[in-house]
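Novice: Each chain is listed here by its residues.
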Amino acid sequence: MKKLIAGAGAVAAALLATPATTPAMAQGKTITLCWAAWDPANALVELSKDFTAKSGVNMKFEFVPWPNFADRMLNELNSKGKLCDLIIGDSQWIGGSAENGHYVKLNEFFDKNGIKMSDFMSATVTGYSEWPKGTPNYWALPAMGDALGWTYRKDWFARPDLQAAFKAKYNRDLAAPKTQSELKDIAEFFQGREIDGKKVYGAAIFTERGSEGITMGVNNALYPFGFEYQDPKKPYAMDGFVNSADAIKGLEFYKALYKCCTPPGYTDAYMQEGLDAFKSGQVAMQMNWFAFFPGLAKDEKVGGDRIGFFVNPGEKTKGSQLGGQGLSVVAYSNNKNEALEYIKWFAQPDVQKKWWSLGGYSAAKSVLEDPNFPKTAPFAGDFLVAMGQVKDFWAEPSYAQLLLAMQKRVHDYVVADRGTAKEALDALIADWKKVFKDDGKL
Amino acid sequence: MNGTLPPKSLAERAALATPPTVAMRVRGLSDRAVAWIFIAPTIVLLLAINIFPLIWTIQLSFTNYRANRPNAPVRNVGIDNYHSILTDPDIWAAMQATAHFVFWTIVLQTVIGFTLAWLIDRKFRGHGFWTTIILIPMMLSPAVVGNFWRFLYQPQIGGFNYFVSFFTGLPPSSFEMIGSVKLAPWAIVVVDTWMWTPYVMLICLAGLRSIPDYIYEAAEVDRASPLRQFWSITLPMALPFIMLAVLFRGIENFKMFDMVNLLTSGGPGSTTEVASITLKREAFEKWRTGFSSAFAIILFVTVFGLANIYVKALNRVKQR
Chain X
1 MKKLIAGAGA VAAALLATPA TTPAMAQGKT ITLCWAAWDP ANALVELSKD FTAKSGVNMK
61 FEFVPWPNFA DRMLNELNSK GKLCDLIIGD SQWIGGSAEN GHYVKLNEFF DKNGIKMSDF
121 MSATVTGYSE WPKGTPNYWA LPAMGDALGW TYRKDWFARP DLQAAFKAKY NRDLAAPKTQ
181 SELKDIAEFF QGREIDGKKV YGAAIFTERG SEGITMGVNN ALYPFGFEYQ DPKKPYAMDG
241 FVNSADAIKG LEFYKALYKC CTPPGYTDAY MQEGLDAFKS GQVAMQMNWF AFFPGLAKDE
301 KVGGDRIGFF VNPGEKTKGS QLGGQGLSVV AYSNNKNEAL EYIKWFAQPD VQKKWWSLGG
361 YSAAKSVLED PNFPKTAPFA GDFLVAMGQV KDFWAEPSYA QLLLAMQKRV HDYVVADRGT
421 AKEALDALIA DWKKVFKDDG KL
Chain A
1 MNGTLPPKSL AERAALATPP TVAMRVRGLS DRAVAWIFIA PTIVLLLAIN IFPLIWTIQL
61 SFTNYRANRP NAPVRNVGID NYHSILTDPD IWAAMQATAH FVFWTIVLQT VIGFTLAWLI
121 DRKFRGHGFW TTIILIPMML SPAVVGNFWR FLYQPQIGGF NYFVSFFTGL PPSSFEMIGS
181 VKLAPWAIVV VDTWMWTPYV MLICLAGLRS IPDYIYEAAE VDRASPLRQF WSITLPMALP
241 FIMLAVLFRG IENFKMFDMV NLLTSGGPGS TTEVASITLK REAFEKWRTG FSSAFAIILF
301 VTVFGLANIY VKALNRVKQR
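Chains X and A supply the protein sequences, listed in that same order. In this text, residue positions in the first sequence follow the numbering used here: the first is 1, and each later residue adds one. In this text, residue positions in the second sequence follow the numbering used here: the first is 1, and each later residue adds one.
Keep in mind the hints are simulated off the structure, nothing from the lab. Don't take every hint at face value.
Stated by the list, open to error - Below, computed lysine to aspartate or glutamate pairings styled on EDC-like, alpha-carbon distance capped at 16 Å:
#	chain 1	residue 1	chain 2	residue 2
1	X	Lys-434	A	Asp-90
2	X	Lys-433	X	Asp-239
3	A	Lys-182	X	Glu-99
4	X	Lys-353	X	Asp-119
5	X	Lys-437	A	Asp-80
6	A	Lys-280	X	Asp-119
7	X	Lys-316	X	Asp-417
8	X	Lys-434	A	Asp-88
9	X	Lys-133	X	Glu-99
10	X	Lys-434	A	Asp-80
11	X	Lys-279	X	Glu-76
If we strip away everything but chain X, and leave its shape as in the complex, we get (with noise of 0.2 Å):
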C-alpha cells in the first residue's frame, strides 16, 4: 500500500512539475491544419505522422480543393472562426491576413527557438512571409515553394518522324522551348495533328474564370515580356508599366497562344483540367505548378521516360509565376501552443528533408543547395532554376479586388474577345488605382 501511495505521489509530482507546453500536457490534443486539397496536402499527411508520434498531438486536416480555397478560407479568417489552428495560405493572402490580424507574427517565436528566414531560399520567404513585403516583419514559415512551370511529351518530342517534320518546318530540332515564341510554334506544330491514331493538341493553359487561373496563367506570360506591376522607384505608380510595349505584347501573345493551340472548349480550365488533359494524351505540353510535378513523373500513363519538363521560357527576359504558401498559426486559435510545437518541429532540416523526399517543395536551403539536390527528382533542377526568377502578384491586403479585376479584364480579351490587350490593361490599371484610392495608398 506503500508503495502505491508513494508511486501515485510520484506521478503527481512528475505531471504538476512538467511545463505548460510540453509533449506531455499536449497528449491527446488536437490540432487542425488547413490547405487546399492537392497532391502536396497528403504528402503533408503522411509527414505528419511524425509530428503526433513525438509530440503526442493529434493532427487534423482540412483540405478545400482550389477553386474554393480562398473563398472558404478567407471567409473563416474573416469571420474569425476557430477551424483552423494553421493555415497554409496563399502566397497573395499575407498583406490581408497581417494587417487584419488573422495571422500571428512569428518574429519573437523564431528568435527563441533559433529559426531563421536566412535558412530558407530567399523568394519564399520574400514571397510567403514578409508583410510588409522587403521587412523583417513574418507572419508565415515557407512551408510549400512553388512556381508554375511546363510538362511536355517527352516521348513525342523523340519521334523521329516528328522531329524530321519540325525540322523541315522550323529549321531547328523539336526540344523543349527556349523562349516563349518557340514554346508557341511548337505549339502549333502538334495542334490538331493525329499521333497513335489520335488528333492531339498543342497546349493546355491556364483559362479559368472563376478564382485566379487565367490571371496566374497571363503572369507566366506577361513576366518574359518585360511586365512589372510598378514603377521600382515609385511605388503603385503603374502607367507605363502594367500597361507598357512589353506588357501589350505579352498578353497578345497568350492570347495567340490560347486561340491557336488549346484543345476546343479550354474557355475555363486551370489545374485539374490541364491534368486531365496531359494525362489523357490530349496536348503535348501543359502549363501547371511544379507541385503537381511528382504525381505526374510518377502517373502510369504518361509519367517515367514519356515526360519532360522545363522551366517557363523567357522571351525578353526571364520570370516565372510564384506559387506557394506559407505555415501560420491563426490568432483565433485556441491551440496556439501546440501550433507553434509544429512550425518548430517542421523548420527542422531533417522534417524538411524528409517533406521533400514524400512530395513537398521544401524551400529550406540545407535541402536546396545540396549538390546533390537536383539529381534527386527529373523535375528538381528546372525548380531551383523557376525558383531564381519567380515574380508574385499583388500581396497588398486588397489584393482579392486586385485579383478579380485582373480575372475580368484578362478574361473578357483572351477568352471573350473583347478590345484590345491595350484596352484591357489600361482598364485594369483604372480598376486598380481605384482599389489603392480606396486604401489611401494613391
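Got chain X; can you put chain A on it based on the hints?
Specialist: Chain A alone, transformed into the frame defined by chain X:
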C-alpha cells in the same frame, strides 16, 4: 343538487375547469392582448431574421464598411455607393445579362410549360408516367444540373454538341456553348428552361384542371370550334395560373446564382455574369460590404417593385 344548471358550451366548461388564479389573470386580458401573445414569437422571429438585417443592410449601404476589416474606421459616404453602382458600366452589363436570362427563360418556360400541360391534360394512355418523367429535372439540385450540363456542353465529348451535330451536320467540336460569347447566354437559358419548365407545366396543369367541364360542354352546344374554345375559355381561365408561374420564375431567375456559377462562372469574360454573381463577388470576394449592401438594396427594390406591379395586374386578371 346545488341549484345551478350545468354549463352548456365548451367555453363555459373550459372556464370552469381553469384554476381560479389563472382564470383571473386571463380574464384581465382583452382578446386583442391574447392574440398579440400568440403572434408575438412569430413577429419577433420575423424582425430578427428579416427586418433587422434589412434595416442593417440599408444602414451599411451608406457606409464604406468592409466586413474583412473590422478594425478600419467606418465612414458615412452618403449616396456614393448608389451613385457608383448606377454609373458603373460593369454593373449595367450584369443587369443586361440578367434581363436577357430572365426574359428568355420566362418566355420559353411559359410557352413550353403551357404546351406540355395542355398535352398532359389530354389524359392519353401513360400520361402519369410521362408526367413523372417530365418532372425529373426540377427535382435535381442546381449544383448537379450545373455540373451535369457542363459535361454535356463539352465540345469534344459532350452529348449536346453531338445532338446538335446529328441534326445540323456541323462537326461537334466546331462550336462551344459555354466558351463562346454569342452562345453562352443561350447556354444558361437552355439549362434553366430544361430544369424549370416542368415547374411551370405543373402550375399550368393545375390551372387547366380547375376549368369546369360544363363550360366546354356549353361551348360545344354553341358549336364553338376547338380553337375558339382555347382562346375564349382555356387561355383566359388558365391565365392567372400562368401569370403566377411567371411571377415565381421571374423572381427566382432574377436572383439566379448557383446554376450559372457552376456552369460558366460568369464567363466567358463577363458575358454571363448575372447580377447575383456580381453581388457575390463584391460582397464575399472583394469584401466591399457597403457597396454590395447598396447593390443588394437596389436589386431588392427592383424585384419588389416589379413584383408589386405584377401582382396588381394578376389581381385584375383574376377579377375579370
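Novice: Mind listing which of the numbered hints don't hold for this structure, in increasing order?
Specialist: 3, 6, 7, 11
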